[in-house]
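Protein chains: 2
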Amino acid sequence: MGRTSDSRERILGAAQTLIELHGYSALGVAEICKAAGVPKGSFYYFFSSKEELALAVLDEHWSSQRDSWNRILRSDDPPLQRLRELFEATEAGQRAGQQSCGTISGCLFGNLTLEMSNQTDVIRERLQEIFDAQVDMVDDVVSEARERGEVGVADTHEAARSVVAQLEGQVLFAKLYNNTRNLGGLWRDCLALLGATASGRTA
Amino acid sequence: MGRTSDSRERILGAAQTLIELHGYSALGVAEICKAAGVPKGSFYYFFSSKEELALAVLDEHWSSQRDSWNRILRSDDPPLQRLRELFEATEAGQRAGQQSCGTISGCLFGNLTLEMSNQTDVIRERLQEIFDAQVDMVDDVVSEARERGEVGVADTHEAARSVVAQLEGQVLFAKLYNNTRNLGGLWRDCLALLGATASGRTA
Numbered sequence: 022m023g024r025t026s027d028s029r030e031r032i033l034g035a036a037q038t039l040i041e042l043h044g045y046s047a048l049g050v051a052e053i054c055k056a057a058g059v060p061k062g063s064f065y066y067f068f069s070s071k072e073e074l075a076l077a078v079l080d081e082h083w084s085s086q087r088d089s090w091n092r093i094l095r096s097d098d099p100p101l102q103r104l105r106e107l108f109e110a111t112e113a114g115q116r117a118g119q120q121s122c123g124t125i126s127g128c129l130f131g132n133l134t135l136e137m138s139n140q141t142d143v144i145r146e147r148l149q150e151i152f153d154a155q156v157d158m159v160d161d162v163v164s165e166a167r168e169r170g171e172v173g174v175a176d177t178h179e180a181a182r183s184v185v186a187q188l189e190g191q192v193l194f195a196k197l198y199n200n201t202r203n204l205g206g207l208w209r210d211c212l213a214l215l216g217a218t219a220s221g222r223t224a
Numbered sequence: 022m023g024r025t026s027d028s029r030e031r032i033l034g035a036a037q038t039l040i041e042l043h044g045y046s047a048l049g050v051a052e053i054c055k056a057a058g059v060p061k062g063s064f065y066y067f068f069s070s071k072e073e074l075a076l077a078v079l080d081e082h083w084s085s086q087r088d089s090w091n092r093i094l095r096s097d098d099p100p101l102q103r104l105r106e107l108f109e110a111t112e113a114g115q116r117a118g119q120q121s122c123g124t125i126s127g128c129l130f131g132n133l134t135l136e137m138s139n140q141t142d143v144i145r146e147r148l149q150e151i152f153d154a155q156v157d158m159v160d161d162v163v164s165e166a167r168e169r170g171e172v173g174v175a176d177t178h179e180a181a182r183s184v185v186a187q188l189e190g191q192v193l194f195a196k197l198y199n200n201t202r203n204l205g206g207l208w209r210d211c212l213a214l215l216g217a218t219a220s221g222r223t224a
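So the sequences go chain by chain: A and B. Going left to right, the first sequence walks through residues 22 to 224 as the working numbering numbers them. Going left to right, the second sequence walks through residues 22 to 224 as the working numbering numbers them.
Hint data in this document are derived by calculation from the structure and do not stem from the laboratory. Computed from a predicted model, the values in this text were never measured in an experiment. In this text, a Cβ means the ideal position worked out from N, Cα and C, and glycines have one as well. Don't take every hint at face value.
[Said to hold, decoys possible] Heads up, incomplete: computed chain A residues facing chain B, CB under 10 Å, no partners named: (1) G44; (2) H82; (3) S84; (4) C122; (5) I125; (6) C128; (7) N132; (8) T134; (9) E136; (10) M137; (11) F152; (12) A154; (13) Q187; (14) R209; (15) L214.
[Unchecked claim] For lysine to aspartate or glutamate, the following DMTMM-like pairs were computed, each having C-alpha atoms within a straight-line distance of at most 25 Å: (16) K71(B) <-> E41(A); (17) K71(A) <-> E52(B); (18) K71(B) <-> E81(A); (19) K71(A) <-> E41(B); (20) K61(A) <-> D88(A).
[Unchecked claim] Derived list of chain A stretches under chain B, where covered just means 3 residues or more per stretch with a C-beta under 8 Å from a C-beta of chain B: (21) 57-70; (22) 142-150.
Let the hints inform the model, and build the full structure from the sequences given.
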């Protein structure tokens with residue numbers, strides 16, 4: 022049984038793993054507590070409902086992914102190079118997940134969007150905030166690349182959304198085929214979507 | 022109670038609607054039978070399991086969507102124009118779904134890929150076949166456009182996969198924001214991903 026001090030983290034960790042393996046609907050409180058090694062009472066001490074837990078899992082995962090995206094997308098490298106590093110990190114992350122559990126679990130946010138966003142407004146709104154933030158972060162980089170004359174898009178925000186959509190679509194295929202190979206094409210697709218100029222393509 | 026002759030269709034129709042609303046895991050046989058207006062015995066007369074039902078729903082939906090894609094992608098219009106019509110039909114279909122049930126349900130195949138593909142090999146394989154077929158159909162059109170000098174991609178199959186990935190990613194956003202607006206950018210994104218030449222862009 023976990024110490025009270027780390028029970029919340031254990032519940033969150035177990036819930037994230039179980040959501041990645043079986044989705045949100047299939048998840049039961051008893052199963053989460055068993056996997057986390059905490060008594061059922063602990064769950065309701067920390068979370069009033071499964072939905073509140075799902076929001077906490079989203080927040081925890083986004084907090085960690087946002088740090089990683091910020092580290093990559095706000096580095097001193099040239100802007101398009103940073104996007105390339107984001108795709109490489111995404112591919113490496115999916116490959117590491119595959120090696121540890123045998124199957125690619127995809128993007129937690131994309132998974133929950135397609136499973137849950139039309140069922141629960143509070144989860145839909147949180148997922149919207151997360152994807153809005155991702156698009157804004159990519160937009161900052163695309164805008165910087167445009168100032169340097171490296172991309173030719175008219176609307177950097179729409180272009181950033183297309184880049185994130187391509188990321189989600191290719192991660193969907195990676196999950197479907199349990200193969201990270203497709204993620205290797207993200208850089209090429211990104212250059213195309215952004216209308217990268219000759220100088221941008223050397224990044 | 023439905024006549025025996027149409028019970029299977031009623032079960033399939035109810036199951037598809039319920040999967041689009043709540044996903045596969047949340048689906049119960051009793052709920053399906055209630056929505057279909059058939060006794061529970063009918064279900065097990067037609068389907069040995071929920072998984073077999075899911076496969077039948079996939080097959081039924083793909084059979085109908087494949088007919089629609091073939092009608093559009095094999096028409097006499099110029100190749101890139103056909104892709105544009107595919108995106109317009111996708112947008113119109115999502116908008117019609119939104120008008121009839123208040124919320125965009127997205128792509129049944131994408132939804133089930135992210136919810137189920139890492140859980141059930143038989144469903145994963147069927148979804149792979151469907152997406153393989155979609156990519157092949159788009160590839161045929163891209164190859165034709167390349168022969169006409171309208172696109173500049175080196176690998177038409179990889180490019181077709183990127184176009185389908187973009188479609189899935191933007192449909193994910195349409196579902197997340199319950200807004201078909203983003204699907205309006207698919208044509209612009211497709212031209213970019215295919216490296217459309219000046220003659221291609223006039224399609």
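To see whether the hints hold, each was checked on the structure:
| no. | hint | verdict |
| --- | --- | --- |
| 1 | G44 | holds, 5 Å |
| 2 | H82 | violated, 15 Å |
| 3 | S84 | violated, 20 Å |
| 4 | C122 | holds, 9 Å |
| 5 | I125 | holds, 7 Å |
| 6 | C128 | holds, 8 Å |
| 7 | N132 | holds, 5 Å |
| 8 | T134 | holds, 5 Å |
| 9 | E136 | holds, 5 Å |
| 10 | M137 | holds, 8 Å |
| 11 | F152 | holds, 6 Å |
| 12 | A154 | violated, 13 Å |
| 13 | Q187 | holds, 6 Å |
| 14 | R209 | holds, 8 Å |
| 15 | L214 | holds, 5 Å |
| 16 | K71(B) <-> E41(A) | holds, 21 Å |
| 17 | K71(A) <-> E52(B) | holds, 22 Å |
| 18 | K71(B) <-> E81(A) | violated, 33 Å |
| 19 | K71(A) <-> E41(B) | holds, 21 Å |
| 20 | K61(A) <-> D88(A) | violated, 32 Å |
| 21 | 57-70 | violated (count 0) |
| 22 | 142-150 | holds (count 3) |
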